[in-house]
Amino acid sequence: MGVDLLQLGVSGLLTSQQQLGTTGHNIANVNTAGYSRQSVLQETTTPVKSGSNFTGTGTRVSQVSRVFDQFRYNEVIFNQTLNSGAQTTASKMQRLDDTMSLIGKGISTSLNDLFAAVNSLVDVPGDIGLREVMLAKADTLSKNVSSVQSALDGEYNSVNEDLEATAVMVTEIAEQLAALNRDIVKASANNTTPSDLLDKRDTLIKDLSQYTSVSTVATNDGALNVYIAGGQTLVTGTTKFSIGVDAGNPDPRQTQLFIQSPAGAKQQLSSANIGGSMGALMDYRDGVLTDTMNKVGQTAITVADAFNTVQTQGMDLNGLQGQNLFKDINDLEATQRRFLPDQDNTGTIAGVVEITDTNQLTSDDYSLSFQGGNYTLTNDNTGQSQILTADNPLAAVGTRTYSTSDGFTFKEAGGTPQNGDSFIIQPSRLGATNLEVNLTQAEQIAASSIVEVYSNDNNVNTAKLAITSVDNIGAAGFPSPGSKLTLEVFEAPTGTFNYQMLDSSGTAQPLFDSSGAALGTSATFTTSPLNFQAAGMSFSLTGKATGQTANAPERYDIEYSVGSGNNKNALAMASLVDKKMANQGRSTMNDLYEESVTSVGSQTATANIEASAANTLYTQAEARMSNTSGVNLDEEASNLLRFQQAYSASARVISTANEIFQTLLQAAR
Amino acid sequence: MRVSTSQFYLRNTTNIIERQSDVNQSVLNISEGKRVVTAGDDSVASNSILNIRQEQALLKQYQTNITFADSRINVQESAMKSAESVMFRVKDLIIQGNSIGNDDSARQAIADELKQRFEELVSLGNSRDESGSYVFGGFKTQNPPFEIQSDSSVVYLGDRGQRLTNIGPGIQTATSDSGDKIFMKNQNSTGDFRPTYNLNASIDNLDRAILTQAKISDRANYVPAGTPDNYTIDFATMPSGDMGMSVKDTLGNQVYPTLPLLQAPYVAGDTVSFNGISTTIKKTPQNGDSITMTPKSETDMFSVIQDSIAWLEKPNGTGVDEAQRQLEVGHVIADIDQIQIELGGVRAEIGSRLQVTESQKDRHEDYHLTIEKSRSALEDLDMVSAISIFEQQKLSLQASQTAFSQIQNMSLLNFL
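Top line first, the protein sequences correspond to chains R and H. The first sequence begins at 3 in the numbering used here and counts up by one. The second sequence begins at 96 in the numbering used here and counts up by one.
Chain H with its partners taken away, still in its complex shape (with noise of 0.2 Å):
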């Protein structure tokens, strides 16, 4: 085939051209340690490699996001763990107390020792994390939430907000508690009622009913009957002898047992329900005590405190005052068991907190390995093959080069 000169020069610089440029490539490539540096280079894997490091942003936050809660919940749990503690002494100082004969500088030590731990609750409450932010505040962080006021009751001034943040694609985890759940909102152990408790003073036996719960148990059929709905259980001795019952509402009606009957025999720890509550008495009731259950759903860690104070500070009594205070000690120490149960169920809230960052944690390094795998594989380059590749290359392009650079020496005009 005839070739012109001009084409056949043309034909080796662009065959020279090409390799080059392949070489040039190759270069490129194993500098960069890529395979693919632009879109276009495989738009396939590039879409892929795209959502791959899109997702491990995503887990990197998450990752940052975890430690962040790990150590906002722990500061949390740590002050948790404190507050257990000062209820763990508030109860053995009560039964400390309770032990102690009459002698009333011996309890008000004791007492004393309370109204320290009363503090340290308070500034427990009032904790603050490595920003400076209240850590009970619930939302309100930047002031103290609890504030002693001047008759040693406490007053929450936060919220009820809880912070919560990512830790997984739709998974959060919460990252506070409010202090007013901690703190505030402990349930009363007696349930929904509060007793107080009216002794015949003519009878001097310590042995007298204490309530151990008032609850609303069906809400559906409980109707307040006025406010505040208090009732009144009335102790007599029925004409059998026995030890008889009655329970009126606020005002003045009889709510057991059903009219015309005016007593029902008194059995002690068996649950007398009216009116949708229902109410468990113990021990033995006296002729003419009466028990008033006052609407209280609710008590907090401070007011127990300063009820063990102010149960402290009473003087040894004898008779019917002595019965009184049993009783009154009987339900702070109950407070006190259902206080240390109710922090114990969140610790172990806070802990299974933790246990959720953890596992969430591992999930997304492992995760991460897996398709940080996969980006390699489209994006990375096999240095081993890219680099016998560029071999070739650079082989073919010597090649092309001597072989030009011999053949265009021979001209037919060299031999004129």
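Isolated chain R (complex conformation) (with noise of 0.2 Å):
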């Protein structure tokens, strides 16, 4: 048999118009996303035996097949996780830096302006207008805070709805990959493959990697098995899972993600296996959102007690003692908020938790058990854990009451706790939404003192007597006008100091010790400093008050001391600026709020370098991955100057083959 030469030109013509084909639509795809360039491999067709050899027949396509490289592929998918999971942390975080340092200053500037005002009370603590001014002043600081919380409050709202969102994206993404599936694997039925199909999964499955992390499994058949957030099953050939969103347990707030079965069995996704943007929300929030409430809630509770607890030791324009200036940081509705069962258990106590010492209050949660009779605390953040012990063992269950040593205190409310009940404390979440101004008259400030201590002009010694607090105005001999107390200290014998308080008819009051035991009415010490109670006062007698026998003793007046020029109060509340007095006396009330902002500022500076690097990783790898598979127009030019050569060339054949024939013909003319 000799050669067929027009039918071996055909075989070219039609090889050259199909590569020209996939050319074309190499180029017409430049930019589709996702796209792989496709090839055309060309083979020859089965040659001839004619004699002792063999004749080639022409060529033909073998398989038009797209250049993909899944190494880099998942090289991509991979980083492409990581990297949204790091810009979305820092865009997150970046916002909230500009809340904390942009908006967030006027917390600093109104906390300063109100102690100005403060200070030009204690100027002319009398004057109505400055008065005025003060409680101006600490509206807007109680604006100002709360501007922040809401801005967090949004801050929070966002992120649940961007987890909302996300959900949604996801399980709309595995409906589509349920449905490739499906196409590819009827498509894949003659050992063929379906490159534009396959691009578009590959193409959702970088999509899904965005929001979560993700691996894959081929099966035989062509179709993709796809797990989530480290192994949760999204998609098994054309099966598909959905992802939703639960209120959270024990705060409904803190929405969790679930994932759910066709059949309806839910799980939860653990956040540390998330990944990707939704890990990186869930992250944020529970993390450095929730932190920074906490923290500006902590300042709120910190400023609101200094400042209503000198309130209440002074004296206001009206006559009576001080109220306080904030709203009580332990009104019940506050101290209920802070408690927060589980829904699950399965006893029935209610509780509140009360704020007893700032200073030794964190800006941490806290977690509540129930075990074996015993409530067992935990601080999320640190870990440790302290079984707490009841202040009144012997009280009814749901009514004992529990202090702690980080500041509060854990009150039963009525019920019953059972085996297994779990609770959350949040003491300083709120903190920041219930800064409100409690006064409503400028008289209301209390910046006279009540009482005032005198040494006497004969002392000999250079103790000092000071009114720590003044707890009760109503008790039996306090000061009024005209009726002064007068505490009178003597040494004797050498080492034991003899102490009585008389009042003005010389009448020896009765005295208790710091814990309130009675004393009698006179009692003796030997170390200093004395701390005691008398009259409903507590004082404290610093330095050694030696006197000069029973004779002439040390003598210290306490009088009352009330007046419109009096301003020891308001000096005292403007003296609170300084005084370290949060956070076991390392940090000032200003302190506090510049800590949560420069918290969020390195976290933020950490976020973007981070963010960079995630960035630099993934465009890396895309662009490895673009450079195997992208299209590049030159190269496309260059193969279409080829085709159309071997195209022409092919037709030439067949011009050939027809002059061959025409020869013939004319030769047997």
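There could be a bad hint or two in this list.
[Said to hold, decoys possible] As a list, the in silico DSSO-like pairs of lysine-lysine whose alpha-carbon atoms are at most 30 Å apart: (1) K391/H / K129/H; (2) K546/R / K310/H; (3) K276/H / K391/H; (4) K129/H / K107/R; (5) K456/H / K107/R.
Simulated from the structure, these hints should not be mistaken for lab results.
Could you fit the two chains together into a complex? Lean on the hints.
Written out as structure tokens, the structure reads:
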């Protein structure tokens, strides 16, 4: 058998056509996202044997395949998850940083303004105008704190909304993936490669990898099983799962992601494994955002408590003992909202959490669990736990109180706990929402102290008597205008100090030690300082008040001192500005807020660095992927020339065959 | 290396965007004049910046407080200065009155001026500051603290309160003194007891003994014998012819000299002590004279002036009466001297308060400057380097744009 030149030319022509077509497809899809360039594999057709030789019979297209490197693709997917997480964190942190640094500036400024107003009251304590200014400044402070708080709240809600929207998106992707799996399995039935469908599926997987970590396993029939969030099945063959958001437990605002099988079984996703933007959102919400809210709350609680405490130590212009400047930090609603029982608890115990010492208070959240008759308190941040002991173990269950070393007291408020019950305690979370000015009249600012100590001129020692707190102005013997108390102290014998508190008529008043135990009307002490209580006040006597025998003891007059010119309590308020009153005496109230700003700032800087590193890695992976699979127009142009020439040449073969045939016909004529 | 077309465009676009972003950041920093705008820009520096700003806010507050304090202290100081000159004038007048002979009308004229001075001193005690508060009322600043009673005595209606203000970290200064302390609690010039003299009327001699000091010097051993705890010092010529003295307490028991001695010789100027009290008597007692000491450790400026007026309005006497008058004027002048010493002391104290505020003010200014330097170094932009960086970034943006626009023209397809 001879060579069929015409057939040969036609095979070349058809192949070139196919190649030109694929080149055109490549050029047309130069900007299609996720498109992998395709190439035509050409092979010779089966040769024919003529005698001892084989003669070629032309060419044919063996395969149109996409240029795709699975390893590089996997690299892109992996880095996409990391990068998307890092970018999400960075952009969220950037917003938080702006909120704290720019909006939050108002907190520091208005706190300083409030102190400026207090200081002008120190100068003229009776001035109504200045008092009005101070109330207005306190109100500005509370507004600034609440504007930061509502910005943070908005941020919290927007994270929750983002999570919900993402869950919907992921569920849609799962549906599309399942559909594509079905199409691909069908199309691959004859051992063919549906390149464009594969591209589409790979693009969807890449999209998915933004939201969460993804791993895939290919099956023999061409389907792809998809697992997310560290191994949870999302798609297997044509079966798809869905993702949703549930209210959190015990804190309903702390929403949780779950994955649900078609049969309806729910499985909660742990934020540690989710990865991608969803993981970043949850980490951000439950980490720095919550922490920042707690810190702002801690600041607000500390400020309110400090001012309120000083207020109660003074007397206002109406002649009444000072009332809280800001809303009570332990009003019933606030104390209830700090305590959240788990919805799955079998017990019925209710509780309140009262803040007792802002100096010991932290910005952490706590878990409380009940087991074997005991409550165990765990600090969620440090992981330290302690078994609480009741202050009143003899009280009935449901009415016991448990004080902690962290500045708050947990009080049962009815019901009974059951083994395995758990609770969350958030002492400072809502502090900022509670910072509201309580006073309504300028006269109510307690600028005046109630009582003052005056040392007798004949005293021979430098010992000082200070009133540490006024506990009960209605107590018997409490000084009033024209009726003072006098503390007499003398040393006899050496090392033993005798003291008694006399009223104006010389009657000795009952004395109590610092814990309230009665000491009688005269008592002795040996070590300084002496802390004691009498007539509704707590005192501290520092230094050695030796006196000169019982005939001439050291004398300290405690006089009623209320007056419109008395600035002592305003001064105590002004002195709060640099008093280290929080974090175990390490921070002033302004420090507290600054610490939260700085902490956000440093985490923002870290997030930016991580985002930039993740972006570089992702961009490089993407570039490697694109360098393999992407279309290069110059290359396609050169292919166009090549295949066009091959086409022309094949056509020439046909025309040659034609010429040969004509020659033969003419020869036979 | 093979580069896909979309990658080529992407990379070039990314390049240009990055350059643009750099330029944008530079423009932002240059227009703000700050290197650190939010805490995230440089969290370490930001912490220091926030601390410094807070420190500066505090310093500003202290400076304001110092201005307030200075003005309060100065108001008080000027009232004190006037009070001091009133007391000088009082002393002048009383010395003048003492030197006038037997001319009642001239003495009355002096007494009239003293009454004016008395009014002046009361009104000084009732000084007000610009906010309308009474300077010397202690904490009771709404009403006049000094009130003249019908018997011309003055009562103090304020309290002992002293206002303080913060002028530095942990440093407070007083911005007021109570009128009680300045006008009402003046030390009795003779100490803790005030003498009255019972002179032997049968002796005309003007030279009589004067009790210059009667003070509780040993409080541990001072036990009042009765209320009031009066003591009587009797002078009588001893059998030896020397002048002798003895002291009895309010119950009539002899406390000096120790029994069985009934009399001790009198030595002018010697200190005689009994029952924890030490007394000094000077000049010459006459037989039968006695001095009664009544407890009184404090006097007030107003009653001293009233005493002066009463003394001036008494007619000149002869003999024993004149001797009595001379003793009285001696005590009045001693009281005025004592008051002047105390006024001087308070004014010195006020002066030292002003010095403290002054030195605190300087310290705050210095410190403010020092930390302002650090703040500026941390937060503010170095304009020269910022602008040179900006120029570099601009150049590099231009270069990227030019390169891109030139290369993107080069496509094989253009040659087909």
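| query | Taken at face value, is the distance from the CA of K129/H to the CA of K391/H at most 30 Å? | reply | violated (71 Å)
| message | Can you confirm whether the C-alpha distance between K546/R and K310/H stays at or below 30 Å? | response | Cα-Cα ~26 Å, so holds.
| task | Take the C-alpha atoms of K129/H and K107/R, compute the straight-line distance between them, and say whether it is at most 30 Å. | result | Given pair K129/H, K107/R holds - Cα atoms ~16 Å apart, limit 30 Å.
| 30 Å limit on alpha-carbon distance, applied to hinted pair K456/H and K107/R | Satisfied, since the Cα-Cα distance of roughly 27 Å is no more than 30 Å.
| request: Compare the distance between the alpha carbons of K276/H and K391/H with 30 Å, and conclude whether the hinted pair is satisfied. | output: Holds. K276/H to K391/H sits at ~16 Å (cutoff 30 Å).
When held up to the earlier numbered hints, the structure conflicts with hint 1 and nothing else.
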